[in-house]
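There are 4 protein chains.
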Amino acid sequence: MSFNTFGKIFRFTTWGESHGPAIGCVVDGCPPNIALSEKDIMKDMDRRRPGKSKFTSQRKESDKVKILSGVFKGKTTGTPISMIIYNEDAKSRDYETIKNKFRPGHADYTYFLKYGIRDYRGGGRQSARETAARVAAGAIARVVLNKLIGKKLKVVGGVTQLGILGCNKKNWNEKEIRKNAFFCPDKKSIKLWEKYLLTIRKNGSSCGAIIELRASGIPVGLGAPIYSKLDADLANALMSINAVKGINIGAGMNAAFMSGEENSDEMKSILGKTKQCWRDIRRNIFRSRNCSFFLC
Amino acid sequence: MSFNTFGKIFRFTTWGESHGPAIGCVVDGCPPNIALSEKDIMKDMDRRRPGKSKFTSQRKESDKVKILSGVFKGKTTGTPISMIIYNEDAKSRDYETIKNKFRPGHADYTYFLKYGIRDYRGGGRQSARETAARVAAGAIARVVLNKLIGKKLKVVGGVTQLGILGCNKKNWNEKEIRKNAFFCPDKKSIKLWEKYLLTIRKNGSSCGAIIELRASGIPVGLGAPIYSKLDADLANALMSINAVKGINIGAGMNAAFMSGEENSDEMKSILGKTKQCWRDIRRNIFRSRNCSFFLC
Amino acid sequence: MSFNTFGKIFRFTTWGESHGPAIGCVVDGCPPNIALSEKDIMKDMDRRRPGKSKFTSQRKESDKVKILSGVFKGKTTGTPISMIIYNEDAKSRDYETIKNKFRPGHADYTYFLKYGIRDYRGGGRQSARETAARVAAGAIARVVLNKLIGKKLKVVGGVTQLGILGCNKKNWNEKEIRKNAFFCPDKKSIKLWEKYLLTIRKNGSSCGAIIELRASGIPVGLGAPIYSKLDADLANALMSINAVKGINIGAGMNAAFMSGEENSDEMKSILGKTKQCWRDIRRNIFRSRNCSFFLC
Amino acid sequence: MSFNTFGKIFRFTTWGESHGPAIGCVVDGCPPNIALSEKDIMKDMDRRRPGKSKFTSQRKESDKVKILSGVFKGKTTGTPISMIIYNEDAKSRDYETIKNKFRPGHADYTYFLKYGIRDYRGGGRQSARETAARVAAGAIARVVLNKLIGKKLKVVGGVTQLGILGCNKKNWNEKEIRKNAFFCPDKKSIKLWEKYLLTIRKNGSSCGAIIELRASGIPVGLGAPIYSKLDADLANALMSINAVKGINIGAGMNAAFMSGEENSDEMKSILGKTKQCWRDIRRNIFRSRNCSFFLC
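Residue numbers (our numbering), protein chains in the order written: chain U, 5 to 300; chain Y, 5 to 300; chain X, 5 to 300; chain C, 5 to 300.
These are computed hints drawn from the structure, not numbers from a lab. Just to be clear, a hint being listed does not mean it is correct.
Note that the list lumps identical chains together, so a pair holds whenever it fits in one copy or between two copies.
As a list, the in silico BS3-like pairs of lysine-lysine whose alpha-carbon atoms are at most 27 Å apart [as the list claims (entries may be wrong)]:
#1 K249 - K174
#2 K70 - K95
#3 K195 - K174
#4 K70 - K191
#5 K151 - K12
#6 K206 - K179
#7 K206 - K56
No experiment lies behind these values; they were computed from the predicted model shown.
Can you make the complete structure from the sequences, with help from the hints?
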C-alpha cells in the first residue's frame, strides 16, 4: 500500500523518479477562479533549482514546470492541476557502479527488501528530487493563500545552523535569505560558512544543517483538534522530506528544561482596547471560521 | 472538518470529553481470529491510569475498558472493536471558575475561535484524557503484533529527562520503568527526581520532560516510501499528543552538528556468513514483504 | 482492511453486531453550535424501530439512542458525537441451530471464508441491524441540514412496489407514509398490500420491494465532479444496505429505451424574469458555493 | 473539495480536460515486480479509442499512453505509475458557439454554479474523455490481477440493449464483442442494430443503451463487510461514468417482483465430494484470505 498523496482539502499526489523521463504532481482541491500561471510556480522552483552554486547539487536542471490541466484562460477551474517537470540531466550510467551496493544513510536497502526490486539510478523514487514536485504544489498553495487570506500571511524559511556553525538570529533578514547560496538570514555569517563548507568539501566530507521556518499572519484555528492538529500536520509533512530527523515547534525539545512559568505562552491581546475585546473576538470567529472551514 | 481517526490499515477513531459521561474508541481493521480480552487492554490502561501517585494527575479513575463489539467467544472477528471507558471522577463544578477565562498553554482560545463554543470542563475534547482512548487502541495493536510478528518485536518508553535533571541512560532498565512513579529507566536517578519534583510542586510550579522510545525487532520496510514513511507517521502520531513540541528520531536535531562520516549509519550484516547473505536477503524479502503489506 | 466509515466532511463510523451488547455510531465533522438532543434522533429511530407491526421484524427493541460525547448544554461542540444503542432483545440461543449452516442469500459463507471465523448470532455484523446506527447518523445530518439550508430541503422515502403489487404514484401522500405499516404513500393500495403480504407469510414465503426517494430543495452543485459525484455517492450509500441490488436515478435503466429528445432533461428557469436571470445566477453561485464547499 | 481519486489499496487519480493539452492518470499502490509495458495498456485503450467507426465519437485520437514513472526495466517498482495521453484532435474553436449556452443533459450548468467558471471546450473536465484515463488504470489492474490470481479471473462487458432493441443473450459470444462496432455479444442482432442506429442518426436523434458485465473466477471475500462491500464499490465506480443512471447487480430491480424462494441464491458446492468439503473450505480460507487482504 503506497501513499504518494499529501493533504486533505487541498491535496497533491507526486510521482516520478530521479532518473526517469519526468517527475510531476497532481493538485486536487484547488479552489476555482484564481489567477495562476507557470510563471507563478517558477518563482519557487527557481529558488529550489539545483546547479546554481557549487554548494548545492551539481545536477543541471532547468526545472521548467508545465501545467497540463486545471487552468483555463489563466484561471484555475477547480479541477485537478497536473504539472510535469522533465528530467534533463538524468545520466543513469553514473549509477552503474553502485548497482549492487546499498548506500549507508539511504533507503536503498529498505526499498529493496520492501519491494524486491531496485531502481539504482540516483535512488529512483527515494531521491530528494521528489521534493521538486511538492515545491510546485506549494507554489500553488501560496498563490491560493495570498488570494484568500492576503499578503499578511507569510511563511519564510532560512538555514540557521550549518554543521557546527550557527548564525546570529538577531540579524534575521528575509531578503538576505534569497541572496546567498546558503539561504542564511544573517549576512555576517556567510563568509565563515563559505570557508567552512569549502574545507569540508575538500576533505570529502559533509555536514548537517538546521532550517528555521517563520510563519506570520496565520488565521486562528487552522487544523483539526487532535489527530490532524497543526503541529502534527507540520511534523508529518516535514518528516517526510529526505534527511529530516528532528522537529521542534516553538521552544521544541527545550521546553523540557523550562518551568511552567517560563513556558506558559501567556496570551496577549492583539485586539486593542479591552472593552472591544469580546465583540472583536466574536467577529473574528466568523471571519476565521469561514477561513478555517475552507482550509483546515 | 474534524479528524478524529488515526491509522491506515489498522485505524482507530477516538471520541469523548474530559468531563462528559464517557470516552471511547472504535478500532477498525483489526485482523480476525486473534485472542483478545478486556484484561489484555487493562495491562496498558493501568500503566497510564491517573491517581496512582502524587506525581501524576490526582483524578481518580478506574479506567475500566468495556469491549462492546468485534470480539466473539474471546476472539476478534475482523469487525470494528468498540470500547468505552466511563468517566467516574468528572466534577464539572470544579471548572466553573475558569468558565470565562482562557488558560495559557491550552487550546481554550483556539477551540473557542474555531468552533464558537466552549466546553470549559477540563478542556473538554482538548484534555489529555483523550490519550486514554488511544492507549486502549494501542493495547490491541500490541496484542496483534505479538501474534503476527512475535514477542521479539518490542516497543518500550521511559522518561529520561525531568526538567533540568537527566538520567544515566547506560543504566536503562526496562523493568525499572514499570516500578517507579516517574517511568524512569535509571534506578539511581529516582531519589533525586523525587526531591526535585516535590520542591517544584511546593513552589506551585511545574517542569517539562523528555520521553525516549526504544523499538526493536521491527520488520524491515514498514511504512510507505515518502508521505507516510515510518518517521513521518511517528512524528504525526507523537505530535498529536498534548504538550509534545519536539521530536528527534535517532540522532535527531543533533545530526546537524555531525559530519557525514559520523552520521553515516553504516550497515551491519545481521545475517551471519557472507555467503548466505544474498539468499537470506531474498528469503527475508518474502517474509518481510507479507508482513509489511499487511501492516504498512 | 475494513471500512466501517462513510462520508467525507460529515462522516460516521458504525460498529456493533446484531446480538452483541450494543451497536453504535461515531459522527465526526458535525458543525458546532447546532441544537441537538436525543429526542431529535429518536424521531427517525422510531420510524425504523422493529416490532411495531406484524409486517416488520418481530424483534423487540426500544432503540433508545444515548449521546455520549460532542454535545454540551444542548449544542454540538464540533467534536465527535458518539451514540450508543443497547441491544435488548438479543437471544443468541435462537441461532444455535444454524451454527453450522450457511444461509442462502446471506453473507454467512463470505464472512466465514474472508475472516475464518463465524458470528452466527443473527448474522453478527452482517445483520441489517447495522442500519439502526446509520439512521442515528442520518438523523443528525437532517438536523444540521435543516439549520444550514432550511426546511425547504426535504428528503422523503416511500415503498412503491411490494412484490408484484405496485401503487398509484399519483396518489403520493407524504403524511400517509408515516401512517401505515408498509410506508406506502398511496392510501388506496394499503388494503390490497396487507392481504397480499398476509398470504405470503402464511405460505412461509416472502417478497421483494422497491423504495422511492424524493428529494427537493437541494442546493445546486453538491458532490464532486466525477468520482464522488452525487449519483455515485448515493449509489455507493444505498448499495451498502443489505438486500439492495438495484438503483435507478431519475429514469434510471429506463433511459436505455428513450430517445435523446425524450431524455433531454431540458432546463427550466426557476429564477423568474429573464432579465434578472444572470444576476441571480451570479448571486446564487456565492450562496450555493459556500454551501457546497461546506457540504460537498 | 474535489475528489479525483478512486480505489483503496490500488488507487488512481485522473486529471485533464477534453480540450486541454493532455489527460492522464497516476496509479498508486500497484505491486512491484510485475511486467508492464505501454503495449499492455494499449490493448484496452484501442478498444475504447474514438473514431473507429461511424457509430462512435468522430474525434480522431490515437490515444497513445506514455508511462512516465513507476516502471524500470520493464517491471513495476511499487512507486506511482504516471501515464499521459496527449489530446490530438482538440479543436476548441468548435465550441465557441456554445460558449454562453448550457446544454441539457450535461453538467454545464452545475459546474458553472459550483465553480463560478466555465470551460466550454467539450465540457472540459466533465467530458466522457476522462474515461480514457481510467481505462489506462484499469488496464494495469488487469495485468496485476492476471499475475496475482491467474487467467481464470475474467471480466467482460458487452452492449445488450440498444435503444428499443435487445439481443439474444443465449448467443453471448465473447469474441464477437470485439469484432463489431456495437460491442454486441450476439452476432445475429448486429445487422438490425446497424439499420436502427443509422435511422436514428439520420433523424438527428440518439438512443440509450444497456451494458452487461460478466465476471468469473473472482476470489471469495473481495470488498469490505458493509460500506465498501463489493456491490457498493461497483455501484460507486459505475455511477461515476457520464450518462450512467441505473445499476442492477444480479437480478437487480427485478428481485422486487420475486418471492423469497425464487431469489434465494442457493449455494452449490463447487468443491467436489462432500467429505473433502470442510477441509477444502479451510484451505481455501488461507488462499483466498491472502488474496483478499491484498486486494480488498
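Checked hints:
| no. | hint | in the structure |
| --- | --- | --- |
| 1 | K249 - K174 | both (26 Å within a copy, 23 Å between copies) |
| 2 | K70 - K95 | both (22 Å within a copy, 20 Å between copies) |
| 3 | K195 - K174 | within (17 Å within a copy, 41 Å between copies) |
| 4 | K70 - K191 | neither (35 Å within a copy, 47 Å between copies) |
| 5 | K151 - K12 | both (19 Å within a copy, 26 Å between copies) |
| 6 | K206 - K179 | neither (30 Å within a copy, 49 Å between copies) |
| 7 | K206 - K56 | within (19 Å within a copy, 59 Å between copies) |
Checked against the numbered hints above, the structure violates hints 4 and 6; every other hint is satisfied.
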